[in-house]
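Student: Quick mapping for you: the protein sequence lines, in order, are chains A and B.
According to my numbering, the stretch in the first sequence is residues 1 to 104, in order.
According to my numbering, the stretch in the second sequence is residues 105 to 303, in order.
Simulated from the structure, these hints should not be mistaken for lab results.
One thing to keep in mind: the hints can contain errors.
Computed list of chain A residues with no C-beta within reach of chain B, every gap over 10 Å [what the hints assert, rightly or not]:
#: 1; residue: Ala15
#: 2; residue: Gly33
#: 3; residue: Leu42
#: 4; residue: Ser84
Part of the chain B face toward chain A, derived, beta carbon under 10 Å [as the list claims (entries may be wrong)]:
#: 5; residue: Gly218
#: 6; residue: Trp263
#: 7; residue: Gly302
For each label pair, taking beta carbons as the anchor points, the in silico distance ranges come out as [unchecked claim]:
#: 8; chain 1: B; residue 1: Thr184; chain 2: A; residue 2: Ala58; range: 34 to 42 Å
#: 9; chain 1: B; residue 1: Tyr291; chain 2: A; residue 2: Gly70; range: 19 to 27 Å
#: 10; chain 1: B; residue 1: Gly219; chain 2: A; residue 2: Ile17; range: 33 to 41 Å
#: 11; chain 1: B; residue 1: Asp231; chain 2: A; residue 2: Ala15; range: 22 to 30 Å
Glycine included, every Cβ here is placed at the ideal spot set by N, Cα and C.
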Amino acid sequence: MTEHRDGNSLAGALADIFAAEITSAQVQCRACGLATTLAQLLVYGPEPGYVGRCPGCAEHVLRVAKTPAGTWLDLGGSTSLLFSTMAPSPTGAASSARTGRVSS
Amino acid sequence: MVNVTRGFRSRRFATDDRLPPGQYLTDGFPVLSAGPTPAVPQDEWSFMVRNGGQVLRSWAWDEFMALDAQDITVDIHCVTRWSRLDTTWRGVAVDDLLADVDTAAEYVLARSYGGYTTNLPLEDLLDGKAWIAYEHDGEDLPPEHGGPARLLIPHLYLWKSAKWIKSLDLVEDDDPGFWETLGYHDYGDPWREQRYQGD
Ligand SMILES: [Zn+2]
Chain A
1 MTEHRDGNSL
11 AGALADIFAA
21 EITSAQVQCR
31 ACGLATTLAQ
41 LLVYGPEPGY
51 VGRCPGCAEH
61 VLRVAKTPAG
71 TWLDLGGSTS
81 LLFSTMAPSP
91 TGAASSARTG
101 RVSS
Chain B
105 MVNVTRGFRS
115 RRFATDDRLP
125 PGQYLTDGFP
135 VLSAGPTPAV
145 PQDEWSFMVR
155 NGGQVLRSWA
165 WDEFMALDAQ
175 DITVDIHCVT
185 RWSRLDTTWR
195 GVAVDDLLAD
205 VDTAAEYVLA
215 RSYGGYTTNL
225 PLEDLLDGKA
235 WIAYEHDGED
245 LPPEHGGPAR
255 LLIPHLYLWK
265 SAKWIKSLDL
275 VEDDDPGFWE
285 TLGYHDYGDP
295 WREQRYQGD
């Protein structure tokens with residue numbers, strides 16, 4: 001049984017917090033140090049919340065829950081997020097405009 | 105005719121009476137997961153009661169199976185709004201697991217294989233209100249529902265009934281667990297609809 005989706009499923013949940021295209025940001029796992037993009041996280045949820053886990057060690061790197069009070073975000077499982085000015089994109093040329101928006 | 109109507113009405117009343125506010129009834133058993141399902145073979149499973157980091161009690165699977173067990177029929181309520189009535193389980197009362205334990209702790213942090221945690225007042229685990237359950241519907245508890253064994257504390261929302269239970273840690277401070285640190289209610293009473301912080 002496939003229990004998780006990839007980290008692109010976090011995009012909607014984080015859209016109202018980050019103006020940048022969050023899933024291409026690089027995140028470093030606090031537990032094992034592995035650096036991946038958010039899109040590479042193993043994501044469980046959406047209820048009770050999204051849990052993004054490290055593809056290297058399975059620890060949770062990022063958690064997001066939507067409640068009536070708002071969006072709860074826990075980045076405690078990460079050491080840093082990198083929003084690259086040269087964000088690579090799997091969609092190629094169509095993404096250059098997005099990359100520009102990230103760096104603006 | 106009259107009898108049918110009366111029977112129908114009384115059954116509906118009984119159901120409504122058992123459904124907390126904001127919940128709907130389901131016959132299914134949805135699986136919500138916050139991580140990969142831990143694979144814990146019974147011969148590698150153990151369950152502990154700890155106090156301040158010190159192991160007070162520990163049972164291997166065979167030892168746990170030798171404890172007095174109870175058959176339990178309870179209604180369960182998930183914070184994601186589904187409820188199931190008359191679910192059947194078999195397990196050991198937490199009262200029996202904590203019998204003769206001398207502690208000043210007022211809270212418990214339930215810890216699971218896979219790293220999940222949830223916090224509970226100690227008194228909510230006592231007086232026949234909570235069990236460590238290892239059968240559901242007459243079968244071994246399947247891994248996706250928390251097997252080999254899970255906490256069962258049906259008077260609170262189901263996220264408090266930690267799957268894949270590994271230990272009950274007696275603690276003096278009420279430190280919030282996995283969902284309680286991400287906007288969910290500290291206590292989680294379905295009858296008071298305590299879903300989120302501030303409810
Ligand atoms: Zn890691």
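Student: Determine for every hint whether it applies to the structure shown.
Tutor: Structure-based check of all given hints:
no. : hint                           : in the structure
1   : Ala15                          : holds (18 Å)
2   : Gly33                          : holds (18 Å)
3   : Leu42                          : violated (8 Å)
4   : Ser84                          : holds (27 Å)
5   : Gly218                         : holds (8 Å)
6   : Trp263                         : holds (6 Å)
7   : Gly302                         : holds (6 Å)
8   : B/Thr184 - A/Ala58: 34 to 42 Å : violated (23 Å)
9   : B/Tyr291 - A/Gly70: 19 to 27 Å : holds (21 Å)
10  : B/Gly219 - A/Ile17: 33 to 41 Å : violated (25 Å)
11  : B/Asp231 - A/Ala15: 22 to 30 Å : violated (47 Å)
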